[in-house]
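K.L.:
Residues per chain, in single letters:
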Amino acid sequence: MSKYFLLQDSERCIGCLACEIHCKTNKDLPMGPSLCKNMSVGPVEVKDIPRVRFVFMPCFHCEEPWCMNVCPSGAIKRRAKDGIVFIEPSLCIGCKSCITACPWGACQWNPVTAKAVKCDYCMERVDQGLKPACVTKCLTQCLDFGSAENLPTGQRERFAAAVARDHFNPKV
Amino acid sequence: MDGKKAPNVSGVDSPGRRTVYSICGMCAVRCPIQVEVEDGRVVWVQGNPNDKGMGTSLCAKGAAGIPFEYDDERPQYPLIRTGPRGSGQWRRATWDEALDYIADKLKEVIEKYGGKGVALSDRGGPFNDLTKTFIKSLGSPNYFNHDCTCGRNAHHAAKSLFGMGRKDWGMDIKNTKHLVLYGRNMIESLQVKEAKDFIEALGKGAKVTYIDVRATLTASKASRFWMIRPNTEYALNLAWINVVLAEKLYNAEFVSKWVEGLDELESFVKEYTPEWAEKVTGVSAEEIKAAIREIAADAPQVIFHLGWMTARHRQSFHTSRTAHILNALMGNFEVTGGLIAAKGPGDYGLKGVNKLEDRVTKPTDERVDQIGTKYKHWDSGPGLAHMLFANMLTGEPYQVGAYFAYRHDPLTSIPDPEAIQKGMDKLDLLVAIDVNYSETAWYADVILPETTYLERGSLVAQKKGGKPSLQVRDQCIAPRFDSRPAWWIFREILRRMGKSEALEFETIEDIWHYQLDGTGVSPAQLREKGVIGLAKDAIMRDREDGLGFKTASGKIEIISPVLSEAGLPSLAPFYEAPPKEPGQFNLVFGRVGWLAHGQSTNNPLLNELMPENALWINSKVAAELGIADGDTIKVSSDGAEAVGKVKVTEYIHPEAAFMVHGFGRTVPLQTRAYKKGMADQRLMKGKLTDYDPAGGGNNLTETVVTVTKA
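Quick note, the sequences are listed as chains B and G, same order.
Take this note's numbering: the final residue in the first sequence is number 172, and no numbers are missing along the way.
Take this note's numbering: the final residue in the second sequence is number 710, and no numbers are missing along the way.
Just so you know, these hints were derived from the structure itself, not from any lab.
Values in this document were obtained by computation on a predicted structure and should not be read as measured data.
Misleading hints may appear alongside valid ones.
To be verified - Think about it this way: if two alpha-carbon atoms lie no more than 25 Å apart in a straight line, the pair counts; the simulated BS3-like pairs of lysine-lysine are:
id: 1; chain 1: G; residue 1: 550; chain 2: G; residue 2: 529
id: 2; chain 1: G; residue 1: 676; chain 2: B; residue 2: 37
id: 3; chain 1: B; residue 1: 131; chain 2: G; residue 2: 105
id: 4; chain 1: G; residue 1: 105; chain 2: G; residue 2: 422
Using the sequences and the accompanying hints, generate a full structural model.
P.N.:
Below is the structure:
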């Protein structure tokens, strides 16, 4: 695991998909690759309201990334200091092994550069003390980013409360 | 003409990194943004954090401003039509050539029909001082905006009760305890600040009653959701008023002080019981009663939404009006969590921005839509654009010979484009000024490419609100193509007409200096932050004796003398639409959070999220019709047809069919959107001239379509 968490409060999420577009514009990606997916689940009727949930899926930055293990050119690396898994574009030979290997679809094909791309938590921003593009511009601040030590105050409590709330236990 | 590019704000081409404050132009909301430019290229756009309500947030449309900027599928240089209208045959022209062409034709039109023979429509908003000045300078009263397909019914409803318009009352959504929404899909038909406030309010425990014909994402967040029969919200409101009066759930003190006509209201709603409304709306009488009791208990921290896109039918005006009346009965005015009067600089003893419009004499001719003459109960401001096109066809009360579509696409937004085109065929001159190939641009004689919002500065925008503010759109980068900013285009046309006095400025900065003179804010200060609040603390009006309603009585008038004079009832009997045949539906339309109608469907990244739309129909009805999810279907109405995919779902009312608006584009140069999906407006046969006699908006959702398997 990387030392960072990218959290989503599904209660606050409105499914506007701004996160996906913020990511793509920050990485200057064309049509095709999508480094994160905000997937809607449902609707499930809870107390007569058809509720839709959202699941934000960026790269999980695995402890032992399959993508990194299959990469023949050593283009995929894992930073020792924080565990961010990233692709070094100059080393990528465009063989698509990582795309086949990742069970989560985190590695994507960029048809313009003919190389693989993946979420790196916008590490150039992280290194400047900033948050990833998706988090910075998230419309309702349902996304948050941090390490275990600096999770925003109240975040865990809010999650716990939300999970305990009745409509997280649908009568279906 | 100064070289290849439009007059730039100084420094635009400079190397290195710059931060520029601007205003988003990807939809009509116009959020304040912060733009990072590196070596003349936009690399980052986020919300302007100097605006607290905005923070760094930005929606998908706003984020897609960068791919829009660097997309080549937009008008790049002036085009003059060479074939028949709509044929797509163009020749490239220089600016001088295109502007001279327009001026020559304009002179002929004015010679023939007078100044009033020219009309213009735009998208409204904070910059329309420019377009109004342009049209007035030509001697024409015919300024229009897109509001006939947006908030006009709600605006006129507010006017009839308060003497004040739709935007004169803001909604304190963030602090409300109960919000009632009539089809106002707050998180998909999206305004960044409003959506943030909405989620904030929910987090604080606010309740939301959401009424719509389908389960939207807003319904998903609501605490109560009613899937109501199409076009029956008015019936629900009448029943609610019935209960409020019968059970004395209203704020007696507020009502006795501020509301006139309670007796008439009481006797009018007597017959509209919850039991009656149950049969009409499909919502049970018990639920109707329980809901209004619960809502009333939270008053005055309650908002019955003032209406924006209330489903538009012949009684939407009265739906809006009764929502206002419910607010009035509960006293939700000038109170935290309720409605708060929007204040301008004047309310704080400050001087507002100077208007360009004031530099022109007001034309005295009758408007072509006859508002102010024949139709005195309507606000002349932006008029009713559908009447402009209907009147083009008949030549009544007079013929319009030239029409300018500025960033407005009536062939997408106003129903029955075929009928509109017939009206346009009578024009001597049709000019489109836009950053996109709109459907209207494709039908025009001349297309003038405007610089994008990232490539231009616009007029200083003055915003009313709890606290008024000034905002600026500064130029971020040099134009990529041979395009020009709007103020320059309009000035150049006027110069050729010898009527440019009001717009004689050399740069946008000169205009800012004129606008800001005497306000105590300088262009430099505004540039530094993008947004400047004009007041420190919000002031509230006195609920005892200072609410400032602008009616003759100074109170909320349930019986409106203005409506009476026009021969219209202030309290109109509910209209029950005739029953539909099996396989027929009321066609409704709406949005998703990442599209702003036809303006977005060709955007590279937004198109990818939704390449085409689908028609939602109810699963039970679909089964009866032998239609399965994903089937190709044919939607038809009165000879008009669309073919597309169907989405079968239990989350839409059996009598309604829904599609996302903005698809079915016919401009081949928009390769991604071309002929993808269905266009609802093309199915709205006859709806150009079918409108609410009290509110003026078109009866769009009364369009009945037949759905069959293709």
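K.L.:
Checked against the structure, which of the hints given earlier come out wrong?
P.N.:
Of the numbered hints given earlier, those the structure breaks are 1 and 3, listed in rising order.
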